[in-house]
Amino acid sequence: MNDPAPQPAGTTAALSGFLATLRYEQLPAHVVARCEDLFLDWFACTLAGRSARPIGALERFAAEMGPAFDSARPGSAQILTNRTSTSPLFAALVNGGASHVVEQDDLHNSSVLHPA
123 MNDPAPQPAG
133 TTAALSGFLA
143 TLRYEQLPAH
153 VVARCEDLFL
163 DWFACTLAGR
173 SARPIGALER
183 FAAEMGPAFD
193 SARPGSAQIL
203 TNRTSTSPLF
213 AALVNGGASH
223 VVEQDDLHNS
233 SVLHPA
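Each residue of the sequence shown is one higher than the one before, counting from 123 in my numbering.
Hints were generated in silico from the structure; no laboratory data involved. All C-beta atoms in this analysis are idealised placements derived from N, C-alpha and C, irrespective of residue type, glycine included. Please note that the accuracy of each hint is not assured.
[Claimed, not checked] Ranges between beta-carbon positions, derived for each pair:
id: 1; residue 1: Arg-205; residue 2: Leu-160; range: 30 to 40 Å
id: 2; residue 1: Gly-178; residue 2: Ala-135; range: 40 to 50 Å
id: 3; residue 1: Gly-178; residue 2: Glu-147; range: 36 to 46 Å
id: 4; residue 1: Gly-178; residue 2: Leu-144; range: 17 to 27 Å
id: 5; residue 1: Ala-131; residue 2: Arg-175; range: 36 to 46 Å
id: 6; residue 1: Met-187; residue 2: Val-224; range: 31 to 41 Å
id: 7; residue 1: Arg-175; residue 2: Ala-135; range: 22 to 32 Å
id: 8; residue 1: Phe-161; residue 2: Phe-140; range: 29 to 39 Å
id: 9; residue 1: Cys-157; residue 2: Ala-135; range: 22 to 32 Å
id: 10; residue 1: His-152; residue 2: Met-187; range: 38 to 48 Å
id: 11; residue 1: Ala-135; residue 2: Ala-214; range: 39 to 49 Å
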């Protein structure tokens, strides 16, 4: 018997409901500006990590195991490190790995480490 997927309850339901109806126009300018800064930080970290040895391994894994899509096909996503198209899952794997391999995001400049 197939049971329907469980519905989120409590805090998860409230948060997902809020986010599902949130529109860009509702965001304060300072929130948009901060998001832009954080995105640029993430993107720079991704570029910094693109030639790291583990990222090459992730790229090869994604090419071997992941579906390759035509960039015009809905649902495709780009691996930023080598500009190839794949599924969103494998693009997230490689892009996420590249953005964290050098761990330069949100750092404390004088100590060159992540404060967390």
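Structure-based check of each hint:
Range check, Arg-205 to Leu-160: Cβ separation about 23 Å, and the 30 to 40 Å hint is violated. Under the hint 40 to 50 Å, the C-beta atoms of Gly-178 and Ala-135, about 41 Å apart, fit the expected range. For the pair Gly-178 and Glu-147, the beta carbons lie near 42 Å from each other, so the given range of 36 to 46 Å is met. Distance hint for Gly-178 and Leu-144: a CB-CB separation of about 38 Å, inconsistent with the stated range 17 to 27 Å.
Our hint of 36 to 46 Å for Ala-131 and Arg-175 holds, since their Cβ atoms are close to 43 Å apart. For the hinted restraint 31 to 41 Å between Met-187 and Val-224, the CB-CB distance of approximately 25 Å leaves it violated. Between Arg-175 and Ala-135, the C-beta spacing of about 43 Å breaks the proposed range 22 to 32 Å. Between Phe-161 and Phe-140, the C-beta spacing of about 21 Å breaks the proposed range 29 to 39 Å.
For the pair Cys-157 and Ala-135, the beta carbons lie near 24 Å from each other, so the given range of 22 to 32 Å is met. At about 42 Å, the CB distance of His-152 to Met-187 agrees with the hint of 38 to 48 Å. Ala-135 and Ala-214 have their C-beta atoms about 25 Å apart, which leaves the hinted 39 to 49 Å range violated.
The structure fails to meet hints 1, 4, 6, 7, 8 and 11 from the earlier list, while all remaining hints are met.
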